[in-house]
Amino acid sequence: TTPGAPRARNQKRKRNRKRRHRPVAAATIATWRCRRRRAECGGRGSCCTSRCWRRARPRAGGSWRPPTTSGRSPSSAHNGPVYSLASTERLLLSGSDGEIRAWSWAELGRKGCRELWTRRPPCRSSLEVPEINGLEVNQRDHWVALAGGDGAVRVLDLESGAFTHELRGHQDLVHVVALREQLPQVLSGGEDGTVRLWDLRTGAQVQLIEVHKYQECSRPQLGKWIRCLATESDWMVCGGGPALTLWHLRSGTPTTVFGLAQPQHHALFHQDLVLSGGVGPALHLLQLSGDVRGKVPVTPAALRSLCLHPRSPEHQVLTVAGNSPKIDVFTNLGYRAFSLSFT
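Sequential numbering from 2 applies to the sequence shown in the numbering used here.
Treat the hints as calculated values from the structure; they're not laboratory data.
These figures come from a predicted structure and were not determined experimentally.
All residues carry an ideal CB built from backbone N, CA and C; glycine is no exception.
Cβ pair distances, simulated, as ranges:
no. : residue 1 : residue 2 : range
1   : THR344    : ASP200    : 42 to 50 Å
2   : SER126    : ARG91     : 32 to 40 Å
3   : CYS124    : GLY260    : 37 to 45 Å
Make the full structure from the sequences, and use the hints.
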């Protein structure tokens with residue numbers, strides 16, 4: 002390694018965080034279905050929770066009445082920024098610089114609430130503390146995948162508290178991870194412009210897709226970084242600098258390039274649609290064929306996080322957060338029902 006290289010990498014990470022992890026009041030959302038409680042984190046290491054006591058109900062004329070909320074003042078969760086949140090039935094997980102913390106949903110928001118535990122991933126050097134850019138929980142087998150700022154993907158067993166895998170291959174920081182539904186596999190997307198598929202049974206990389214090298218989705222003027230990533234069955238959607246694109250995983254080929262000019266920061270599958278958000282105050286509803294079904298105005302100037310209520314098909318609720326102190330709540334994908342304000 003040449004002298005000054007660690008300093009150059011740190012400066013690059015600071016630029017990347019300033020550009021794509023800007024400290025905002027509503028950066029990421031995790032929802033817990035049992036008590037309808039929401040957690041919100043920001044760029045200054047704080048977390049805030051609110052509870053909805055009843056569902057939003059339509060007034061005469063079609064307008065919506067927001068639910069009564071019980072808000073808690075922000076509490077210090079980490080000494081540095083909070084980059085990511087994830088949720089289990091019992092725990093809220095938060096990722097910061099070089100650590101992941103677990104909080105009890107039953108205690109969160111109460112005065113004097115403290116984390117249940119803190120885990121710090123092993124690092125090759127004490128000079129570099131990797132940020133935890135993304136968290137994805139496997140609810141069935143009780144483990145969580147971490148996207149690391151040092152280019153590593155790690156797996157933490159939630160029952161034993163031990164790190165079971167450290168997966169290396171990315172040449173730069175990892176922005177996002179996604180989990181396969183039926184297989185013990187993890188997908189990761191990073192600053193190096195690649196999406197990598199890891200098999201936890203062997204601990205090896207089994208597929209590499211260099212997204213920026215495909216002419217149909219490459220946008221060199223915006224960069225090659227991959228910021229959003231989602232998977233369903235044999236399909237994957239990813240984007241960032243390259244255009245948001247639907248891929249067939251088995252063949253490793255792009256099938257649909259969505260015609261969105263701006264970089265996308267978050268995407269997810271929902272029924273026969275892809276929902277995405279990024280630069281610009283809009284939620285995009287995209288058909289798998291590439292057609293745009295809808296473009297819904299939202300409060301944030303840029304979207305950073307989309308969260309779909311996980312196990313409630315009869316009451317679908319989507320929350321949208323970004324560069325705004327308000328979190329938009331959708332009970333119908335066609336329009337915003339109301340907003341939660343965290344100021």
